[in-house]
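Asks: Here are the chains, one letter per residue:
2 protein chains.
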Amino acid sequence: MKIHLHQTHQTIACFADIRKYIFDVFISKPLTGIHLFPESFLCGYPLQDLCLNYSFITSYQKHLQAISDWAKALPKNEDIIFLMGGIKYTLTPDHLPKKIENVIYLLRPGEELLAIYTKMLLPNYDIFDEKKYFDPGKTVGTLKFNSKNIALMICEDMWPNASYELDPTTELKKTGLSFDLIINLSASPYDISKQEKRILRAKEISHFLKAPFFYVNRVGGEDEILFDGQSFAVNGDELLGQLNRFKKDFTSLNLPPYNKSAYHDVDNNKVTTTWESLFVPNIIQNSKKLPHIKPLNDNECMEAIEALGFGVNEYARKCGFNKFQVALSGGIDSCLVLTILKLHLTSTQNLEAIYMPSKFSGDLSLDISKNLCQNLKIPFHIIPIEDLKMTCKSLFIKHINQDLQGLADENIQSRLRSTLLLARANQTNAIAINTSNKSEIAVGYSTIYGDSVGAISLLGDVYKSEVYMLAKYINKIHHNIIPIEVIQRPPTAELRDNQKDTDSLPPYDILDVILEGMLSYRLNARQMIEMGLPHDDVLSVSKLYKNSEYKRVQFCPIIKIKPKSFGFGYRVPIAKDGTFYSDI
Amino acid sequence: MKIHLHQTHQTIACFADIRKYIFDVFISKPLTGIHLFPESFLCGYPLQDLCLNYSFITSYQKHLQAISDWAKALPKNEDIIFLMGGIKYTLTPDHLPKKIENVIYLLRPGEELLAIYTKMLLPNYDIFDEKKYFDPGKTVGTLKFNSKNIALMICEDMWPNASYELDPTTELKKTGLSFDLIINLSASPYDISKQEKRILRAKEISHFLKAPFFYVNRVGGEDEILFDGQSFAVNGDELLGQLNRFKKDFTSLNLPPYNKSAYHDVDNNKVTTTWESLFVPNIIQNSKKLPHIKPLNDNECMEAIEALGFGVNEYARKCGFNKFQVALSGGIDSCLVLTILKLHLTSTQNLEAIYMPSKFSGDLSLDISKNLCQNLKIPFHIIPIEDLKMTCKSLFIKHINQDLQGLADENIQSRLRSTLLLARANQTNAIAINTSNKSEIAVGYSTIYGDSVGAISLLGDVYKSEVYMLAKYINKIHHNIIPIEVIQRPPTAELRDNQKDTDSLPPYDILDVILEGMLSYRLNARQMIEMGLPHDDVLSVSKLYKNSEYKRVQFCPIIKIKPKSFGFGYRVPIAKDGTFYSDI
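Residue numbers (the numbering used here), protein chains in the order written: chain A, 89 to 672; chain B, 89 to 672.
One thing to keep in mind: the hints can contain errors.
In the DSSO-like style, the derived pairs of lysine-lysine whose C-alpha atoms are separated by at most 27 Å in a straight line are [claimed, not checked]:
#	chain 1	residue 1	chain 2	residue 2
1	A	261	A	285
2	A	150	B	376
3	A	187	B	226
4	B	219	A	176
5	A	186	B	219
Chain B side only, calculated, beta carbon under 10 Å to chain A, not exhaustive [unchecked claim]:
#	residue
6	140
7	143
8	364
9	487
10	613
11	645
If you are wondering where the hints come from, they were derived from the structure by calculation, not from laboratory data.
Every value quoted in this text rests on a predicted model; they were computed, and no experiment measured them.
Positions of the beta carbon are idealized from the N, C-alpha and C atoms, including for glycine.
Using the sequences provided together with the hints, build the complete structure.
Replies: Here it is in structure tokens:
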């Protein structure tokens, strides 16, 4: 029997395209066997409040009906089924959603569309809010097709953790059925190295239920969340096949009998990893360990850069833009952003850089920016801001009788730059791409409405230390396309004379470790100091972090490539007493 | 027996202040009887991700222990209890929260602090995310004190809706106990006229359980969410007392026997309202009705203005600011914002206005702005932006060889203004207050990083039609303190010659009705057109609304005074196919 993996790439709520995909599959290659589609393929994911929107509901219901009518009108064919993710509404007489379920729809030629399984585990942490919208299923899903027993799962069903009351894998075992196939339809958000965790877990489940495991994941960038595809099939320890990442893809595989030969565990009824051991390894031990920023190897660098390029292209395409503007400062962040954009530029897209020096901008910054644009063959504009800034200062002296000094003087440079950048973006119908990194966002080392502007952030989930790793990797592959001076120079905002980032912040290697300690290791200030991190740095970072919530609230979407990121999955009140952060 | 209502006003996570309040109550007036405190009094509400933060957890646990130790050391006293809202952690050996409950803590002199009841209904819609963090209680809470039976509730427990499996009120009845008192500890977010719904529902429950109902609500502005206090007690239909709104308050009331005399319902076992009938009356009928913007009466205007003033003061105080900057445009929104701020200014606060005309600004705009500042006795600065704008234009011609025109030319004026406004804010250590209204935010009629800037939005939950209602109300009470010309003139952004809002938008009375139809009546485009709303307006508003999600994502917190607002309780993806909004 053939299993067909449809790794689809559809825009949320683009119902016409979704129907066309289904109809085309059937027309062009009505292959016999089981056709698998991702979780929520029929509607898109994540929908958030859209799934409560009346216009959305009415359109989606019509869409489902159209598919059902089409399927019913097909000639019967007992050898083909489609299993597709979607949501299922139970509406009140007032057309309010009484219940929404995240389900698998079964499509058989000649029959109506049928929801056959409801997702049991609803993730509700970090970026996930499924319990806000969906009701969980109470029973496992199985299906018999051509005398084969199929175990049905949707995404999180394979990832039980301590907060769930049930483990669907165990419940499937309890049915006593002998399975020939396990399927998992997923909309699984990307982070670096997540794929190996998926495969590891899939192999465990394959052994546990003694059947091949077929996994289909969607492709898409949804604001900050990426879905990477990389659909795969395993049979015990054997990887049967794997689809591309960040690309629509398709394959047909034969369904083999379960292969237990390679299984190394003596007790094959045991699942050996846990969600916690895979996803939060740094916080599940009593003996806390010193946090560190894991160096990214070449593969991880390549993958991260691909993810960032994919994310920004998805956002631009879905919002109807094909031009990008980047403000170069002569620093590493903007250089890296411009380079990543260039590396992913398609033939219909356009990219332009703008450099806006003040009197504090060094010659080195100009040289770096100019050389990078030459290397990348990108149009490069220079607009000096000194005249504008002097006009502002004289306006303040003339009309308010008070010169701009200190912070006001520093910030105004940054805001004049964003004003010019956005004017150029408006002029060329482009979107401006944000260049802040995760370390800056964490401590608020940016000017709100100044260098923090942009439609989407490429590096907002990348610590400064990692920015250097990615830049060095690109230079290794692309022959120092990024001027090496920008990698060697000390970071500076150049908003005043001889300013260096280390005037206000600890060196980035220490800063990033403290931030990672707070965000990913769940350490408090006392613990980090006890571990030997510098006392004053820990306290100053805690304070900066706590005081910059207001900037994060107004920040643009950040492309997420880590398990813990700022953005939609990070929700902290601005107004609070934050002294507990530095409680030692 | 005495019931003491402590309507507290504490900052989130300000543990030292919270302890001091408790200790002071006992020292200054160790009144016998039952002391009631709001939901989550011990920690603050809403905490969002803070309740998962390790630093927060360790500090909070120490705080609880300190209270418990203090209580244990007190001499025993059988005649006093404190019932206080808080959260209760069950931690894993790794100190991860295994379970978090929203509970009532019982404090008795001479005994340890004890969690005695877990909230059963966890709201998870709109701004609420309690299921993301908390586990619900499974059983009702009762307590015996001085031979009185007390029924325990936390906030949402009194508001069952169709999505909950249980109704705690009904479950309490099923215990068969004869109650002498019902208490509800709340952190109930404010919206206009919510208080009458609370009292209505409390009276029903009082009759249903045949006991007086005491309700304590917290006071506070938490970013966009306001808690208004207005704690009260009812006995059947009788209102025993009510505390102030938006103010810390305290009262002691005698506990009377149940008074059924005034009850008008024949079947006193019946609860007559539902959550749906109270909170979503416009969307629970099959026969859809034409949406409208409800005119605000004088009381509602007064209350809304008080709420907005309270909200902005809370935000400023908790973030450590006592100075406000407002950019006046000569339009009604900025005039109203400045006036509301002035009406709520305390003696330690400062307020300043800045008017930044371009060549498109009419004389009328200057007159209005100047006169308003004179009327309000507020320092008024004028900084013309024409020079700056010309400098920008010449920079573009000189360095890019392309003049700024059209949208780029319009937006740059707005962004230069925000740059000057924020420079002045930096110069005076003030926060800039946003002046956008709900209608503009809905259709994206603003320049991102331009007139959309600000630390917090006063009018972001107020439709343009309501802006006029509030302004007229203020003028009635305060003798036309707002120049009447601004109420009479047609709205204009003054970004080009003779521009009027109606060049790009339907008249506000139609626009607002369409928006309210979409947001609060759950109508789709087809329905609104069938009801007689103008076809082209409905479609153009649908399109503008769908295309402005990206601006809302980067918008500042909006003080919430309506059941459905933009902001934290509104979560819609930017990148999507939005054609369904205008599906007719």
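Asks: All the hints need checking, so say for each whether the structure fits it.
Replies: Okay, the hints, checked on the actual structure:
Between the alpha carbons of residue 261 of chain A and residue 285 of chain A the distance comes to roughly 22 Å, so the proposed pair stays at or under 27 Å and holds. Distance check on the hinted pair: residue 150 of chain A and residue 376 of chain B sit about 20 Å apart at the alpha-carbon level, within 27 Å; holds. For a cut-off of 27 Å, the pair hint linking residue 187 of chain A to residue 226 of chain B stands: about 21 Å separates their Cα positions. With a CA separation close to 21 Å, the supplied pair residue 219 of chain B and residue 176 of chain A stays within the 27 Å bound.
For the given pair, residue 186 of chain A sits about 18 Å from residue 219 of chain B by alpha-carbon distance, which is consistent with the 27 Å threshold. For residue 140 of chain B, the shortest C-beta to C-beta distance to chain A is roughly 9 Å, which falls under 10 Å, so the interface hint holds. At a threshold of 10 Å, the smallest CB-CB gap from residue 143 of chain B to chain A is about 4 Å, leaving the interface hint in force. For the restraint placing residue 364 of chain B at the interface with chain A, the shortest Cβ-Cβ distance is roughly 8 Å, inside the 10 Å limit, so the hint holds.
Contact between residue 487 of chain B and chain A, as hinted, is supported at the beta carbon level, the nearest pair being about 5 Å apart and thus within 10 Å. For the restraint placing residue 613 of chain B at the interface with chain A, the shortest Cβ-Cβ distance is roughly 7 Å, inside the 10 Å limit, so the hint holds. A distance limit of 10 Å between C-beta atoms decides the matter here; for residue 645 of chain B the minimum to chain A is near 7 Å, and the interface restraint holds.
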